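As given, the protein sequences belong to chains X and W, one line each in that order.
Everything in the first sequence is counted per my numbering, starting at 1 for the first residue and increasing by one.
Everything in the second sequence is counted per my numbering, starting at 1 for the first residue and increasing by one.
Careful, some of the hints might be misleading.
[Unchecked claim] In silico SDA-like links for lysine to any residue, alpha-carbon gap of 20 angstroms or less:
#, chain 1, residue 1, chain 2, residue 2
1, W, K42, X, G117
2, W, K78, X, Q301
3, X, K353, W, K51
4, X, K269, X, G117
5, W, K42, X, V356
6, W, K51, X, V251
Because the hints were derived from the structure by calculation, they are not lab data.
What you are looking at is a predicted structure, and each value in this text was computed from that prediction instead of being measured.
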Amino acid sequence: MKKYSVFAIAREAMRGHKGWEEQWSSPEPKKEYDVIIVGAGGHGLATAYYLATVHGITNVAVLEKGWLGGGNTGRNTTIIRSNYLYDESAGIYDHALKLWDGLSQELNYNVMYSARGVMMLAHNVHDIQVLKRHVHANRLNGIDNEWLSPEQAKEFCPPLNISKDARYPVVGAALQRRGGTARHDAVAWGYARGASARGVHIIQNCEVTGVKRAANGAVTGVETTRGFIGAKKVGVVAAGHSSVIMNMAGVRMPLESYPLQALVSEPIKPVVPCVVMSNTVHAYISQSDKGELVIGAGTDQYVSYSQTGGLHILQHTLDAICEMFPIFTRMKMLRSWGGIVDVTPDRSPILAKTPVPGLYVNCGWGTGGFKATPGSGHVFAHTIAKDDPHPINAPFTIERFRTGRLIDEAAAAAVAH
Amino acid sequence: MLLIRCPYCEEERPELEFRNAGEAHIARSANIAGESDDDFEKFFFIRSNPKGIIYERWRHMHGCARFFNAVRDTVTDKFVMTYKAGEPKPSKLPGVAK
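Isolated chain X, as found in the complex (with noise of 0.2 angstroms):
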């Protein structure tokens, strides 16, 4: 892997470009392997990488049945926060935060991680109860989080509407600084970048249609488009898709799958210097670097797997835009889409060992999974890795639902479930 830096982009300028290398390789599957993991988006990416530069495992491969990064790695609104109200969610957010803090240079591949910062509006007195127990919570976690006044919050962003006449006034915002936004892609392109480097196969258009378990139960390997695939340990990745998966492998999960639209606006100058966010009338919104407005829409109420989702759903959420920021009220709305999120019932994911000897699940991620990507890779490759999860995601396992004891961040995390 040849190291991207200023003295690279200046000897290609000198040669026409011609000495750029492939990210990632493509090779042909190997007939066996120590790790699969289905599902090549951030997360899965993020697993393999881990697994290769933190504990030696290089014998891996990521099976992909479309292209890296087409899931919901590409889809998501990028919004990057840890201002979770339970410990152990606090764990594993802030663990991800941290690592977001830096991972460019880690990847050598600019994520384009940009704390910009995240503000929750409150609109009424709960709103402000709930917020500010939240803030309190963050704080006793050593997560940072502050309460503004709407004078404050239109300081901090400044085409917010704080007028008293409002439908829905903002009464107060909680503020998160190191929260922000991330280039999406080039998490994914980075992290299978490292990767790929270390002797991970990333192996796309590979669809997994089966998983082989012994006369004992223990996996053994995948069946897949492209042929059979040995590994003792297969990690499962596959965000909506994974109840599908671990139905091949006979294990039946607690998650329900639906589709979760956004869309982006023309591009236009910088004006939205931060994340807004707001649970009351949902809505939310950043601008990309390239200026277009990113806003985030809401689930629909049925199970689907169709990557759409309705109008009535985008509808919603521009009336809120317009309401918080009136200024965009003839803005024009370039694109929409619809990415398929697997929710638990306690809008917690899942990243554990499964009742199978060899499978692992990372998943249930639900609506808010892409800021999690490295902390998640982090603990699930040691997850696989020692057979025995890392102590931030140990709380995170199938058996809560049975046991009861539930991640309850239903009402905790910020929008759209």
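Let chain X serve as the given structure and place chain W on it in line with the hints.
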């Protein structure tokens, strides 16, 4: 937006009038306190989440307000049929190759 046929109103109406109420044909135990942890988990949390034909409950919230069941393909979001609550799970689906 989906168009959904309410089997009570016998009319196809826009999705906004309806609320999805989750997977259908999950029977609540008559002795819920006596359920084992495993059975309670299956009843309460585990869902089939199929990629393909799903049997699900809907409620005609802003119409007759009654619950009914529907059969839908989760890949195309196309409804195969709807039927009244309490009716058995249809064994044959019109227009679906099995």
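Hints violated by the structure (numbers, ascending): 1, 3
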